[in-house]
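Visitor: Each chain, letter by letter, is given below.
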Amino acid sequence: MKITVASGKGGTGKTLVAVNLALSVEADQVLDCDVEEPNVYIFLQPDKTTVKPVELLVPVIDEAKCTYCRKCAEFCQFNALFVVGETAMVFPELCHSCGGCKLICPVDAITEKPRSIGDIYLGEADGIELVYGKLNIGEALAVPVISAVKEEAKDEGLVILDSAPGSACPVVETVKDTDFCLMVTEPTPFGLHDLEIATEVVSQLGIPLGVVVNFAGIGDRGVYEFCSEKSIPILMEIPYNRRIAELYSDGIPFLKEMPEWRSKFQSLLEKIKEMTR
Amino acid sequence: MKIVVSSTGSTMDSAVDPRFGRCPTFLIIDTETMSHEAVSNTSIGSAHGAGIGAAQSVAKLNAKAVITGNVGPNAHMALSSAGIEIYTGASGSVRNAVEMFKNGKLSKAGRATVGGHFGQSGRGRGRRT
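If you're matching them up, the sequences are chains X and P in order.
Positions in the first sequence are counted from 1; adding 11 to them yields our numbering.
Positions in the second sequence are counted from 1; adding 441 to them yields our numbering.
Pulled out of the complex, with its shape left as it was, chain P reads as follows (with noise of 0.2 Å):
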């Protein structure tokens, strides 16, 4: 089965990225032979909808699954419609979490674990577009 996970770097010993839109890089895994390949996410310095854009690309990866810290409304509303079931709560390192999603032990999120904007940081008053 293949599965994105969202990381803050490019191996398996990376940590996991609690953001979905807003992570560095995908890593996209095969969870029978835990082969590897990582993406960047080019949805990351987007203004808005940081989280739709990051879906789009999980969708184009083909991915059944994602394992993420949190996700957001839209970004949970866009991957649901394209049938990639989401699973949140994962910490510590990649490897790790996906040990945590073979053994059944992460979350299924049915619904958005945070509002909007969880993944951008330093925003007060000035979120004003």
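The shape of chain X in the complex, shown without the other chains (with noise of 0.2 Å):
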């Protein structure tokens, strides 16, 4: 069974959910996809991790055959190829690597080399299998590492992503494919205004999805008035709670120091298998 750990707005307590989910159902596996900024490797502290490379392919222009003839700038919709003149440019960090412009040289001047964008971690902590992705500073397109650590999910057992927030192409990636979606508020305006987006999104991909909300206690009734409109089930309350914000800056799952939250995120894994049941 895979669930996904999303949110809208960011900051909400994904990475604090999925964390303490995780260690207190013993997952199997937990996968960090919000490659841009991961974090769950600070609370389960992996030891000897391996690093894969992630690579895209991108066009290499052979300007001895090419004829300037301007059709593979023309096919790409994301602009990553400039013709002009005599001259033929590849502006790699645009390319979708989907290829078309190889296929679409009359003249075939066009092939591939493997370009880096990130790196993927694999290691192992507290009996959980912990993978991460990397997105290398100043590349755009999180979607191929986010797939990279996709590709490491176990195909049995309890697997436990944390999404990037939003409701783009990351979450999109992160969330498809899986059986149920988390959705981590906070109960406040900006909450509900990300919230409504992103449950959305997820209805949309034909995914069941039940809310988290954090923080409870602080800002108004919105989340509850939207969820119980939508007949969204709000499956767990996680107080606004200064000690468990200390622990989350220090790096430490709140449920090693309040053990009896343990019981509450296994009665939310029963929740959650009944209703994908």
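Rather than coming from a laboratory, the hints here were simulated on the basis of the structure.
It cannot be assumed that every hint is accurate.
[Stated by the list, open to error] Listed below are the simulated BS3-like cross-link pairs for lysine-lysine, each with C-alpha atoms no more than 27 Å apart in a straight line:
no.: 1; chain 1: X; residue 1: K241; chain 2: X; residue 2: K275
no.: 2; chain 1: X; residue 1: K63; chain 2: X; residue 2: K124
no.: 3; chain 1: X; residue 1: K59; chain 2: X; residue 2: K145
no.: 4; chain 1: X; residue 1: K82; chain 2: P; residue 2: K505
no.: 5; chain 1: P; residue 1: K501; chain 2: X; residue 2: K76
no.: 6; chain 1: X; residue 1: K145; chain 2: X; residue 2: K187
no.: 7; chain 1: X; residue 1: K63; chain 2: X; residue 2: K165
no.: 8; chain 1: P; residue 1: K501; chain 2: X; residue 2: K113
no.: 9; chain 1: P; residue 1: K543; chain 2: P; residue 2: K443
no.: 10; chain 1: X; residue 1: K82; chain 2: P; residue 2: K501
no.: 11; chain 1: X; residue 1: K187; chain 2: X; residue 2: K241
no.: 12; chain 1: P; residue 1: K549; chain 2: P; residue 2: K505
no.: 13; chain 1: P; residue 1: K505; chain 2: P; residue 2: K443
no.: 14; chain 1: P; residue 1: K443; chain 2: X; residue 2: K82
no.: 15; chain 1: X; residue 1: K187; chain 2: X; residue 2: K282
[To be verified] Restraint ranges, calculated between C-beta atoms of paired labels, are given here:
no.: 16; chain 1: P; residue 1: G545; chain 2: X; residue 2: K76; range: 39 to 47 Å
no.: 17; chain 1: X; residue 1: G217; chain 2: P; residue 2: L502; range: 41 to 49 Å
no.: 18; chain 1: X; residue 1: E135; chain 2: P; residue 2: G551; range: 46 to 54 Å
no.: 19; chain 1: X; residue 1: E85; chain 2: P; residue 2: D471; range: 21 to 29 Å
no.: 20; chain 1: P; residue 1: D471; chain 2: X; residue 2: Y79; range: 22 to 30 Å
no.: 21; chain 1: X; residue 1: K124; chain 2: P; residue 2: G545; range: 43 to 51 Å
no.: 22; chain 1: X; residue 1: T199; chain 2: P; residue 2: H558; range: 24 to 32 Å
Ideal Cβ positions, reconstructed from N, Cα and C, are used throughout, including at glycine.
With the hints as a guide, dock the two chains, each given alone in a separate frame, to form the complex.
Guide: Right, dumping it as structure tokens:
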């Protein structure tokens, strides 16, 4: 079973929930899919990580063969190729690696070479396998790195995926093909605004979802009203608690100091299992 | 001399658009006769690489120079390699910008004047594609 933890708004507690849930229910694997700022490793502290590069194929133009016909530049939807006069240029950071330019070139002047955009890391902590990705600084395409992290997903057992915030491509890439999406939100107008957008995306993907309200006790009732209106179950509330925040800022899963939460996260998993039955 | 100005509209009285890649209109102007023609910038909606797409359009128009507010790194590289001169810092009406150009009052941009994504508005952390 694969459970994604997503949120819409950033900073609502995705990693907090993903890590404490994983530890409480003895998950088999955690995939940190927020490749622009992975942070699950700070809490799980895996030892002996192995690193695998993530590469994309980008075009190389052989100017000895190129006739500057511009067919490749006109084909590219991402403006990664620029041809003018007797100059042909490739902007590799814009290339989405579709390979179309190579196919369309009438004189076979285009070959492809790998370009590194990030790495994935595999390690183990507390009996949980952790896989996370890091997109290189300055790179725009998070999706191929997320996809490389997901390729390491176990087919059996319980896998928890920690998503990037937002509702764009990285979230879609993380959530798709998972069995359930846990939306962590905060009971504020900001939390609600982004929760509405994110739940719409996940619903369109046909993935069942439930909400965890973090920082419960602050803000207003907007999130609760929205969930009741849309029949989205609120599966757990985590109170606004200074000690939880302090432990988080020290990189310690709060479960370790507050063991009473183990059973709460275990019953959260039971509710999720019922909803996916 | 044929030049292109990034413009918010299709007349000489339209305001110069400070963005090159994401301006709505290119005004193509003959600096001798001041005759002009408006062409829509088809790159305005590009998710990525609007500056490169815009440079490709300008190169096809056989312009010798571009007048705009700012130019990003990719557009600068593309325009330069196409042998097109870039003048930045233009503001006010297109007519005014062309006069400034003719009087040598615009600075030639030897490199990009802004970082990438300058012309994209309203993108915070949701920049991810």
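Visitor: Evaluate each hint against the coordinates.
Guide: Each hint tested on the structure:
no. : hint                           : in the structure
1   : X:K241 with X:K275             : 24 Å, holds
2   : X:K63 with X:K124              : 18 Å, holds
3   : X:K59 with X:K145              : 17 Å, holds
4   : X:K82 with P:K505              : 23 Å, holds
5   : P:K501 with X:K76              : 22 Å, holds
6   : X:K145 with X:K187             : 20 Å, holds
7   : X:K63 with X:K165              : 17 Å, holds
8   : P:K501 with X:K113             : 23 Å, holds
9   : P:K543 with P:K443             : 12 Å, holds
10  : X:K82 with P:K501              : 14 Å, holds
11  : X:K187 with X:K241             : 21 Å, holds
12  : P:K549 with P:K505             : 13 Å, holds
13  : P:K505 with P:K443             : 6 Å, holds
14  : P:K443 with X:K82              : 26 Å, holds
15  : X:K187 with X:K282             : 21 Å, holds
16  : P:G545 with X:K76: 39 to 47 Å  : 43 Å, holds
17  : X:G217 with P:L502: 41 to 49 Å : 47 Å, holds
18  : X:E135 with P:G551: 46 to 54 Å : 53 Å, holds
19  : X:E85 with P:D471: 21 to 29 Å  : 27 Å, holds
20  : P:D471 with X:Y79: 22 to 30 Å  : 27 Å, holds
21  : X:K124 with P:G545: 43 to 51 Å : 44 Å, holds
22  : X:T199 with P:H558: 24 to 32 Å : 29 Å, holds
Taken one by one, the earlier hints all hold for this structure without exception.
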